[in-house]
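Letter by letter, the chains look like this.
Number of protein chains: 6
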Amino acid sequence: MTNKTKAIVPFSTDQEQSSLRLDLFTWTEVEEYLKDCKGVILPIGSTEQHGPTGAIGTDALTAESVALEVSKRSGVIVAPTQPYGMAEHHLGFPGTMSLKPSTLLNLIHDLLVSLAMHGFERIFIVNGHGGNIATIKSAFAQAYRSVSTMNLPLANSFRCKLVNWFMVPEVFHEAKSRYGDNEGQHATPSEIALTLYLEPMLLKKQVALPKPAPAGPIYDYKDFRRRYPDGRMGSDPFLASANDGKMFLDKAASALTRDLTNFIKEP
Amino acid sequence: MTNKTKAIVPFSTDQEQSSLRLDLFTWTEVEEYLKDCKGVILPIGSTEQHGPTGAIGTDALTAESVALEVSKRSGVIVAPTQPYGMAEHHLGFPGTMSLKPSTLLNLIHDLLVSLAMHGFERIFIVNGHGGNIATIKSAFAQAYRSVSTMNLPLANSFRCKLVNWFMVPEVFHEAKSRYGDNEGQHATPSEIALTLYLEPMLLKKQVALPKPAPAGPIYDYKDFRRRYPDGRMGSDPFLASANDGKMFLDKAASALTRDLTNFIKEP
Amino acid sequence: MTNKTKAIVPFSTDQEQSSLRLDLFTWTEVEEYLKDCKGVILPIGSTEQHGPTGAIGTDALTAESVALEVSKRSGVIVAPTQPYGMAEHHLGFPGTMSLKPSTLLNLIHDLLVSLAMHGFERIFIVNGHGGNIATIKSAFAQAYRSVSTMNLPLANSFRCKLVNWFMVPEVFHEAKSRYGDNEGQHATPSEIALTLYLEPMLLKKQVALPKPAPAGPIYDYKDFRRRYPDGRMGSDPFLASANDGKMFLDKAASALTRDLTNFIKEP
Amino acid sequence: MTNKTKAIVPFSTDQEQSSLRLDLFTWTEVEEYLKDCKGVILPIGSTEQHGPTGAIGTDALTAESVALEVSKRSGVIVAPTQPYGMAEHHLGFPGTMSLKPSTLLNLIHDLLVSLAMHGFERIFIVNGHGGNIATIKSAFAQAYRSVSTMNLPLANSFRCKLVNWFMVPEVFHEAKSRYGDNEGQHATPSEIALTLYLEPMLLKKQVALPKPAPAGPIYDYKDFRRRYPDGRMGSDPFLASANDGKMFLDKAASALTRDLTNFIKEP
Amino acid sequence: MTNKTKAIVPFSTDQEQSSLRLDLFTWTEVEEYLKDCKGVILPIGSTEQHGPTGAIGTDALTAESVALEVSKRSGVIVAPTQPYGMAEHHLGFPGTMSLKPSTLLNLIHDLLVSLAMHGFERIFIVNGHGGNIATIKSAFAQAYRSVSTMNLPLANSFRCKLVNWFMVPEVFHEAKSRYGDNEGQHATPSEIALTLYLEPMLLKKQVALPKPAPAGPIYDYKDFRRRYPDGRMGSDPFLASANDGKMFLDKAASALTRDLTNFIKEP
Amino acid sequence: MTNKTKAIVPFSTDQEQSSLRLDLFTWTEVEEYLKDCKGVILPIGSTEQHGPTGAIGTDALTAESVALEVSKRSGVIVAPTQPYGMAEHHLGFPGTMSLKPSTLLNLIHDLLVSLAMHGFERIFIVNGHGGNIATIKSAFAQAYRSVSTMNLPLANSFRCKLVNWFMVPEVFHEAKSRYGDNEGQHATPSEIALTLYLEPMLLKKQVALPKPAPAGPIYDYKDFRRRYPDGRMGSDPFLASANDGKMFLDKAASALTRDLTNFIKEP
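Chains as they are written, first to last, in our numbering: chain A, 1 to 267; chain B, 1001 to 1267; chain C, 2001 to 2267; chain D, 3001 to 3267; chain E, 4001 to 4267; chain F, 5001 to 5267.
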C-alpha cells in the first residue's frame, strides 16, 4: 500500500482547490482515486434540539463543514454526511429524530463494510455529536469482525478512526478560554458559532437567554427535559459569533488534516 | 386534528418564501409549527454508482431538491436527507455505500417513531432510489406496530406515505416521451438532468457513451456488474440537460405538493 | 449449468402428470432432480381476514394451488407453502396472524440460503399476498449478501424472482373486465373465486354483502378497521364463482409456467 | 373466562364433524368462536431429509394430521401448519430447508402475539420435529414478555403449551414395543408409518435398507452427514405400514385431545 | 486431533490438584494447554429467586462448584461462570435478573465462536438452571452455522454438549429417594443443599416453611407468582443439609467427569 | 423516593460488616432491602489475554473485588459479576472470549430492565475493561427507551451510571506516579497488582519481560496481535506487587463509595 495524500490529480480544475465530495464523483473516478489513496472521510451528525435558539441540525452542519474543509486541505475524499445519530436523551424536545443505539451500530457497520469492499483502508469518521461516540466505537469492533469473516483482501490493513471536531484540543481549549464556564456541554457557543458562520440566517434566532441549568448528568429523555428545561446544559450560545465560528472551523480542520494525514500514512 | 397547509406563519421573513428546513429550526419553532401542521417531509436517497458519468450521490441530490421545493410550495417542514439507502446490487462498483435491508428497515422505523413521539401525524417520504422502496414499505408496518405498542396519543392518526419523485406520472411520462427507450432504468437521463441543474460542475463529466447494456433483471451485485458492465441499465444519460432537470424538478414538485396537501388534509 | 425444464424423469408414474412436491420427495430424489434442473418454486401466502365471507387462508390456498399447477406444467419442484406472511394491517380482525416485517425478512432469507446451499440456482416465489411483496424483495438483497459472504460455489448464478399470481397481466385484466370496479383491492372476487374452486365448502359462506367501503390507502391496523369496517376494500366477493376460479387458476398457471421456464433458461 | 370445549356450534353442517380449520373460517366466524372458546391449535413441522426413503415433509405432514384430528375431536380451531422449522443439522442433505434458531424464535413469537391480540388465551402447539422444541420454548418466554409489555387485557391468562406428537407416551411406548431398537431417532418407522397412511403414493418409495448408523449425538450438519451417511439415526423405516400409521394417529390424537381439553379448562 | 485428558502437565504445583481456571491462566498457558487438550468446561447459572429461604445465586453457585470439581478431576480447563441466564418467569420476584431468550442465544453463540476461533473442539456446558436449556440448545445450532460460515479449520470437529448437573441420573435419583415429592421442581432441597455446603452463612436463612404450592406448569411471570406465591414449586428446602450438598456435588462431578472424558475422546 | 445509604439493617450479623451479595440474598430480603435503598452495584469484567504473565480473568477479578469493597463500605447490594465483555480485539490470543458489541448491548439492556422492573432506581456499573465502555453507554440509552415504553412506575427516576475503577482519578494518578510510562495501556502493573493481591498463586507467573511494544491504536484483532505481539501495550506488569494492589483497591473503593453515595442521594 502506498498511500499518498494530496497526490491525487483531481478530475477537473474545478475540484482542484475544492473538497472531494464522493457524491459528486462517478464510480470510475473513485476507482481512479483508490489507486492513489485508500483514505475516506465520513461525517456524521445528529438531528436534535440545541436549545431555544440553536438549530436542530447543528451537529450535522458542523461535522459536514469540518469534513469538507479537511477534504479540501488533505485531498482525501469525503462521503455524504449521515445527518441522523443517537439522540435518545433529546427526544423530550420536538424535532429531535433519534436512531436507537442498535440501529446506529448497524448503520455505521454497514457503511464501513461497504467501504472495505472497495478497498478503502482508512476510514476517518468526523463526528459532531457526543451521543454518537459510544455507538460508533462499538460499530468499529463489529465491522472488524465482519471484514475478517468476509476474508476481504484488505482485512489486515482496514482501520477506522473516530474524531470529534469539538473535542480537538485546539478547539476545546480555545472555546474554554473564550467562553469559560459559559461554553457548557450542549448547545455550546462554539458549535453555535460555527452554524452562524455556515448559515447566516440563523443569526436572527440569536437572543439573550436566561441563565441556563448547570451542566450535569444525562439519563433518560424525560429526566433530561426536567433537568435542562430549555435544552441547554450550562451554555450561553448568545456569546457565539460567526467570526468565532470561522476560527473554530479553521482550528478543527487544521488539526484534523494533520491527524488524517498521519492516519493514512500509518504503516 | 385540524391540519392546515400553508397556514404556518413563518418564523422570519427569510423563511417566508423558502423551504422550511427542520435542521434550521429550533425546537421551540418546531413546537410552534406543530400547533398548525402535523405534516413533515423526509427525503431519502442512496449513495451508489450511476454509470461512468453520473454522480454517486444522484439519488440523494435529487430527492433532496424535490423535497425542498415541495416544502417551499406547501409550507410543510422538511427533515434532513438520509443519504444512504439500500444499494446492495451496486456494491460491485467502487464508491457505492449500502445499508442492508434490515438496517434500513430499523433506520426508517426509528425516524418514524421519533416523529410520532412529537405528534407528527403525516410523514411524507420523498424517495430518490428504487432500491429503497421495498424496505421503506416494510418499515411503515413495523413503525405502526411500535407506535401502537407505545400507546402514543396519536396512534390513530399516524400515517406514513412513500412517494418516489421519478415515478410521479407527470415526470415518468415526460421522461419517456423525451428520451424514449434511452431513459432506461438506472442512471437515467431524467435523474442525471436534475443533477446537472443542481450541480453545474457535473456538466464536465458528461460525455457520449457507447450503447448501454439493455435494462433487465437485478440479482446480486456480481451478476449486476457482469450484466451491466458500466453500471447503466439501458440508459443514455448524455441526453440529459440542466434545462430538462429544471423542468423535471418543477413537474415533480408540483405533483407532490398536491399529493402532500391531500395527504395532510385526509380525515 | 445446463438447466432443462421438463427433462426430469419423474421418480414414479404417479408423479409423471403431477406436481412435484418437495415434501413428498426423498433427499436422494432431490439430489437426482438437481442434476437436471436447478429451479424450485416456493409459494407463500398469508393468514388474514378476507372480509365477512372470505376464508382467512385465501392467500395461502390460492398461492399454493397456482404453484402446484405451475409445477405440474413445468416439471419444476415445488416447496411447501409458507402460510404466514406480513399482515400487520389486518390485525384488527380476529384470526389474522402476522409476522413482523423483520421476521418475514429473516424467514425468506433463511429459506433462500438453505436452497442455495444445495445448489438451487433459480428460486421462483409464487406469492398470494400484496403485503408480502416489499419484505420479500428486501429479503432477496439480504440473501444475495449472505450467499456471497458464504462463498458458495453457485454465488454467481443464484437468482431469486418474485411473482404475484393476482398481478399476472392475464389474470389482472380478466378480473377487471369481468368484475370492473367491484374487483376492489382486498377480498377480491378473483381470489375468492379461486378459493371456491379449491374448497367447495366455502360456497356456503357466500352471501350478498352491502356496498363495501371504497378502496383507499393502508396505514396501521386500527385505521384499517375504521376505514374498511368489514375488511373489504371496494370489492364484491359475492360475484365470485368456482368456475371463474378455475379459469383464473389456468390463466395464472399458464403465464407463470412460461415465466418460470424463461427464468430457468436465462443464461 | 368460561372456556367450553365442544360447545361451539359449528358454522355449517359440513364442519360439524370436521376439523375446524382457521384458514377456512371467516373473521366473523372467528369472532363468534372466541365467545365460546379461547383455545387454538398451532401445528408446526419441518422440511428436512428423512432418510433415503422417507418424505422430506414428514414432520409437517404428521403434525398437521394430528392437529386436524385433535381439532375434530375437541372442537378447537386449528391454525395453518408452519412447514418450516429449525433443521440446521440436516442441511447436509439436499432438500432440507432450515430456519436459523433466531428466525424461528421470532416467527413463533409473532404468531403467539398475533393470537394474544385477538384474545386467544390457550395456544397449543402440536410439533412434529425434535429440532424445534428448544426454540419454541424460548419463544414462549419471549412472547410472554411482549404480551406483558403490550398491556393486553388477557395478559394474566395467556398461556402456551408445546406438545410433540411423537413423544406422547402412548405413541412412544407403542413404537418402542412394536419396532424395538429399530425405531431409532430419525426417520423412525412410527413417523414414516403415519406418512404412508396419509400419502399412499409414498408406499412406492419403501424399500429394504441396509443397517443404519446407530443413533448418537447431533452436532453440526457436516458431522451429521458423516455420522449418519444416509440420514437415518438407527431406524428401519421399512418396518412402517399405513395401518400402523393410522393407529399412531389415533393414539396421538386421543391423548392430545385429553391434554388440550385440560389445558383449556385450567383455571 | 489427539485429545488426551489428564495429560496436561499443570503449570504450577499449586494447580496440580486444583481446578484449571481459565481466568487464572495466561494466554501463553492456554496456548500450551491446547496442544494437549481441546476440551473446555463452560458453567452457566441464573440469578433468580429460589423461594423465601434460598439464595438468588443458587444456580450459578451450584453450576460453578460442579464445573470446578469436574475440572479438578478431569484436568480440563474451566471458563468463568456466566451468572445470568433466562429467568423471565421469575421476574415477579425482586432480585431476579433475566436475559431475554434472544440475548442468551447470542451470548452463548458468541462464547462458543470465540472458543472455536482458538481451536477448542469440545465445549462442555455445565448448566444449573432448567430455564436455560432450550436457549442453549438453540445457540448450539446457531454457532455451528457461524463456525461453518467462517471456514475455521476445526469446523468438522467442533462439538458442543450441554449437561445439567441436577438432571444427572445419579443426582436426580438420589434426590428423589432422599426427599421424595418434597424435592419439587424449583428451590429444591438438592440444589439448596449444595449451596449450604458451599456458603455456610446460608444456613441461617433455613427455616421451616409452610406446605408449598404444588409443582405445575410455567407460563408468564405474573401467572408464576400467582401460582407459586413464595416462589417454590412443590419443594421443601428445609430438608436440605450441607452434608447432602457435599454428597450431591460428588455424585454430579463423578458422573460428569466420566461424560466429559468420553466427550473429549469421541472420534 | 427516600433513598438512604447505610440505613439498611443487615439480615444477619455475618453480613453486617460484609459485602451485600445479591446472589446470597433471598428474594424476600431483596424486597426488604428495596424499602430502604434503591441502589444496586453491577460489576462487569472481561475474559481476555493480559500479556504473557497476566491472568485472563484480570478484568473480572478486579471489577468484582472493587464492587464488593464498595458494597461493604456503602451498604449497597452488589449483583453477580458479568465475566464476559466486548474483547473482539484480543481474539488473536488463545483464551480470549468475547461478546460482539450488539450482544453486550442487549445483555446490559436486559439486566438494567430487570432491575428497573423491581424498582431499583440507581444502577451503578463498576467496570474493569476499557473495551466495554462504549457498548455499556449505548445500552443505557437503549434501556431508558425500553423502561419508558414499558410505563414502569419508576421511569422518571431510573438512572444508570458507569464507573471504571482503573480510571478513578485517585487510582489513575497513583499508577502514573508509581509506574510512569511503564503503566502502559493494557496488562498494566496497576491491574496486575490487584490480581496479585486477590489471587496470590498468580505471583508465580510474574517474570521479567522484554520491553513491550509501545501503546498505540487499536483496530482489528489481527492487527492488534501484529502490533502488540505478546499482548502488552507499553506496560511492564513485572513492577506490580500485591501490596500495590491492596492500595489500589482501597483508593478505588474509597472514591467510588463516595460517588455511589452521591449518585443514590441525587434528587
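Please keep in mind that the hints were generated in silico from the structure rather than gathered at the bench.
Since the structure is predicted, the reported quantities are computational estimates derived from the model, not experimental observations.
Just so it is clear, CB atoms sit at the ideal spot from N, CA and C, and this is done for glycine as well.
Do not take every clue at face value.
Computed spacing ranges between beta-carbons, pair by pair [what the hints assert, rightly or not]: (1) F/P5267 x C/P2217: 47 to 53 Å; (2) C/P2217 x D/K3176: 57 to 63 Å; (3) B/D1259 x F/M5167: 32 to 38 Å; (4) C/N2243 x D/L3203: 41 to 47 Å; (5) F/L5209 x E/M4167: 25 to 31 Å.
When the alpha-carbon atoms are kept at most 20 Å apart in a straight line, the in silico DMTMM-like pairs for lysine to aspartate or glutamate are as follows [as the list claims (entries may be wrong)]: (6) A/K222 x B/E1031; (7) E/K4222 x D/E3266; (8) D/K3222 x C/D2230; (9) F/K5222 x A/E266; (10) D/K3265 x E/D4230; (11) A/K35 x B/E1032; (12) C/K2072 x D/D3036; (13) F/K5204 x E/E4032; (14) A/K265 x F/D5223; (15) D/K3035 x C/E2031; (16) B/K1265 x B/E1199; (17) F/K5035 x E/D4230; (18) A/K222 x F/D5223; (19) B/K1072 x A/E199; (20) C/K2161 x B/D1223; (21) B/K1222 x A/E31; (22) E/K4204 x F/E5266; (23) C/K2204 x D/D3230; (24) E/K4265 x D/D3230; (25) D/K3204 x C/E2032; (26) C/K2222 x D/D3223; (27) A/K204 x B/D1230; (28) C/K2035 x D/D3230; (29) E/K4222 x F/E5031; (30) F/K5222 x E/E4031; (31) F/K5161 x A/D223; (32) C/K2222 x B/D1230; (33) B/K1035 x A/D230; (34) F/K5072 x E/E4199; (35) A/K204 x B/E1032; (36) A/K72 x B/D1230; (37) E/K4204 x F/E5031; (38) F/K5265 x A/D223.
| query | Broken hints, numbered, in rising order? | reply | 3, 4, 5, 8, 10, 11, 12, 15, 16, 18, 22, 23, 24, 26, 27, 32, 36
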